[in-house]
Amino acid sequence: MILQNVVWTISLVGMGLVALGFVYVIRQAGKPADDAATRKAAHTSNLLRRWLFGSLLVIFVGGTYATLHRFPIAPQHTPLDIHQVVDVVGQQWSWQITPDTVHAGSPVEFRVTSKDVNHDFAVYAPDGRIATQTQAMPGFTNKIVYTFTQPGTYKVMCLEYCGIGHAPMTSEIKVVAASGG
Amino acid sequence: MAALTMYPDSERLDGGNRVAFNLYIITAVTLFVLMMLLGLTMRLGQATWLSVPPDLFYRILSMHGAGMVGTAALATTAVMWFFLRKYVRLHLWAFLTNYVMFMLGALCIIFAIFVDGYGALWTFLYPLPVHGMGLWSPNAAALFMLGYLLIGVGMLVFYLDAAAGIIRVHGNLGRALGLQWLFRGTIDPDHPKAVVASTMVVIANTLGILAGAVVLVMGLVNIYYPEMALNALVAKNLIYWFGHMYINATIYMGVIAVYELLARYSGKPYPISRPFLWSWAVSTLFVIIVFPHHLMMDYAEPPWLVVMGQVVSWGAGFPVFLVTVYGALTNIYRSNMRWTMPSRLLILSMFGWAAGIVPAILDGTVRINLVMHNTQWVPGHFHFYLLLGVLPMALALMFHVIGQRADAPPNTAADRLGFPVYLIGGLIFVLAFLDAGHLSVARRMATHLPAWTATDEVGSIGAILVVLGMLYFAIRITVGLLKAPARGEPHGGTANTAG
Ligand code: HEM
Ligand SMILES: [Cu+2]
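For the protein sequence lines, the chains are Z and G, in the order given.
So the first sequence is numbered by my numbering: it starts at 67 and just counts up by one.
So the second sequence is numbered by my numbering: it starts at 9 and just counts up by one.
These are calculated hints, taken from the structure and not from any lab test.
Misleading hints may appear alongside valid ones.
[Said to hold, decoys possible] Example chain Z residues on the side facing chain G (calculated, C-beta under 7 Å, incomplete): (1) A99; (2) R115; (3) W117; (4) V183; (5) R195; (6) T200; (7) M203; (8) N208; (9) L225; (10) G229.
The C-beta atom is built at its ideal place from N, Cα and C for all residues, glycine as well.
With the sequences and hints as input, model every part of the structure.
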């Protein structure tokens with residue numbers, strides 16, 4: 067499953083659980099309890115809170131480890147020894163991508179910068195979903211390392227608002243099958 | 009129990025206080041309606057149901073962003089003032105100075121956008137303001153920034169007055185936050201939550217506004233002395249440090265309404281506790297250092313800052329879920345809850361905050377940001393907790409006050425209809441954004457690809473409902489505030505004490 071769908075599912079489940087919690091409490095909200103029941107409810111509520119704290123802590127630690135133990139961003143200051151290098155320059159309102167054809171199956175290093183304002187170099191896969199992106203900031207060069215798996219025509223869009231020509235600021239990258247070498 | 013008096017004397021609005029409060033609130037609800045109409049215009053434009061030329065779209069987007077953020081701050085400042093003045097001495101002139109500066113700043117911004125064509129959005133990301141490419145001049149950008157500075161100065165005046173008042177009563181800001189009770193000691197049960205929250209806002213947002221002032225002044229200098237170029241990465245850090253804290257401060261000011269009002273409607277005491285103090289201490293730190301999550305796709309940003317951005321974004325969920333929202337739910341559970349407009353809105357605000365933070369936290373993850381950054385996922389999550397969180401907090405106080413004038417909590421048939429229209433419209437509207445983000449629809453685009461318009465259409469329908477609901481609220485509140493107070497001034501109406 068692609069990452070966006072995973073995130074969407076987790077969000078729906080998370081928001082749904084929150085909503086269920088609210089519905090449950092709201093249904094109980096108009097039924098005042100006597101003193102004994104109030105004390106019991108306070109006790110249960112404290113217990114539940116600890117339990118919730120514990121689960122969130124597990125998610126926090128586990129999730130942080132899982133998403134960060136391999137830092138998702140390529141090293142920016144050491145040479146990467148990657149054979150396919152693509153230079154990307156954004157400017158109001160076009161992309162200059164050299165070369166604009168790459169091979170699937172082996173990593174590509176994009177070196178992305180801008181001549182004027184901030185842009186964002188986003189690569190859309192043929193299915194219309196974002197595959198990867200980085201900001202194109204004047205004065206800086208950001209390096210993405212990405213390995214295309216599917217050959218096809220990838221659309222490049224600008225994802226940082228850069229003036230009136232922002233939406234039409236698009237381009238293309240052709241990904242061809244691995245060169246059997 | 010004094011804390012459960014529905015309309016305590018100490019909250020009485022008379023003379024200048026009443027005028028000031030009415031000015032704030034009537035301005036705020038009017039601006040909310042207008043800004044929502046601009047929002048609807050953009051959504052209809054994206055759905056191609058309305059033709060909105062790109063230059064106009066981006067000016068509307070600039071106005072909507074700056075206008076909504078500013079108005080949310082205006083409304084929630086009134087919330088903070090309304091309650092904080094019971095505990096510390098606040099000067100009316102400071103509160104009014106903030107209002108006047110806000111209006112002057114707003115005029116500059118409106119003029120910059122609609123007369124001078126400014127269209128570099130509420131984030132004025134350097135160096136776009138000086139690269140208008142003929143659409144706007146550097147002067148327009150300067151006027152826009154001047155407007156921000158005026159608003160910021162007004163806010164600082166109010167915060168300094170609040171800080172002085174707090175320090176006079178509590179000695180210093182740390183004690184006002186209750187830091188002395190984090191590990192030991194008996195917490196003073198009368199230590200007001202409103203003071204804790206206000207102190208955090210004063211600390212964090214003063215820092216934020218100062219950062220904003222620095223980058224605004226640097227930007228202004230650069231406009232007239234282009235050879236004094238800024239470092240784009242430093243400027244972006246400062247802008248988001250400011251922007252993040254400024255908009256988040258609205259939540260922390262607004263939530264005071266929940267702390268103060270909820271118990272009156274549930275009839276159950278809502279005492280201060282150690283977890284509460286911890287949650288505010290931690291949130292103070294978190295809100296100050298979480299901003300790098302806006303720069304995750306800037307690979308030039310030092311990695312430790314990016315990691316901090318992710319870890320703190322996740323951590324920020326703890327106080328919200330475990331203390332604020334959980335505490336509110338515990339308070340109403342098996343209570344004698346009276347469902348009227350204020351109480352409905354208070355609970356809605358807790359839901360909007362808790363649910364909206366889920367997609368927000370996910371987006372604060374580097375790996376996820378890689379495919380969600382600057383998609384409509386972002387307006388999806390922040391509209392969730394602004395539209396369904398912050399606004400309901402402020403609206404709850406407004407309805408509470410008009411209830412005070414009428415001597416009973418508002419709950420007419422029209423209210424009972426307006427509320428679900430706003431709620432359902434709001435849910436449709438924000439879920440359409442989130443779904444769009446999941447489908448990789450870019451944010452901040454005047455024209456959408458044909459494949460994207462389905463979510464735009466659904467979002468537009470939700471937005472129409474929200475606008476209708478808000479229009480009704482605005483009229484109801486304005487009329488209610490201007491009505492002569494019920495019999496003398498508000499006493500009466502004690503809360504329903506349980507049992
Ligand atoms: C009927 C209600 C509303 C509608 C229809 C609406 C609509 C929109 C739309 C269409 C956008 C641009 C989305 C995009 O990037 O493609 C937007 C952005 C935004 N909205 Fe709203 N909105 C509403 C309420 C609010 C509220 C209540 C707030 C805050 C209190 C708010 C704050 C913002 C902000 C800060 C932005 C970002 C501006 C930017 O990207 O520079 N909106 N809204
Ligand atoms: Cu762009």
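Tested hints:
The criterion of a C-beta within 7 Å of any C-beta in chain G is met by A99(Z), whose closest approach is roughly 4 Å, and the hint holds. Taking 7 Å as the C-beta contact cut-off toward chain G, the hint placing R115(Z) at the interface holds, the least distance being around 6 Å. The closest approach between the C-beta of W117(Z) and any C-beta of chain G is roughly 11 Å, which is over the 7 Å cut-off, so the hint fails. A hinted interface residue such as V183(Z) counts as satisfied when its beta carbon comes closer than 7 Å to some beta carbon of chain G; here the least separation is about 5 Å, so the hint holds.
Interface hint status for R195(Z): upheld, as the beta-carbon distance to the closest one in chain G is roughly 5 Å, under 7 Å. The criterion of a C-beta within 7 Å of any C-beta in chain G is met by T200(Z), whose closest approach is roughly 5 Å, and the hint holds. For M203(Z), the suggested interface contact is upheld, since its CB lies about 5 Å from the closest CB of chain G, less than 7 Å. A distance limit of 7 Å between C-beta atoms decides the matter here; for N208(Z) the minimum to chain G is near 4 Å, and the interface restraint holds.
Satisfaction of the interface hint for L225(Z) is found here, the shortest Cβ-Cβ separation to chain G being roughly 4 Å, below the 7 Å cut-off. Interface restraint check for G229(Z): the shortest CB-CB distance to chain G comes to about 5 Å, inside 7 Å, so the restraint holds.
In terms of the numbered hints stated before, the structure departs from hint 3 and from no other.
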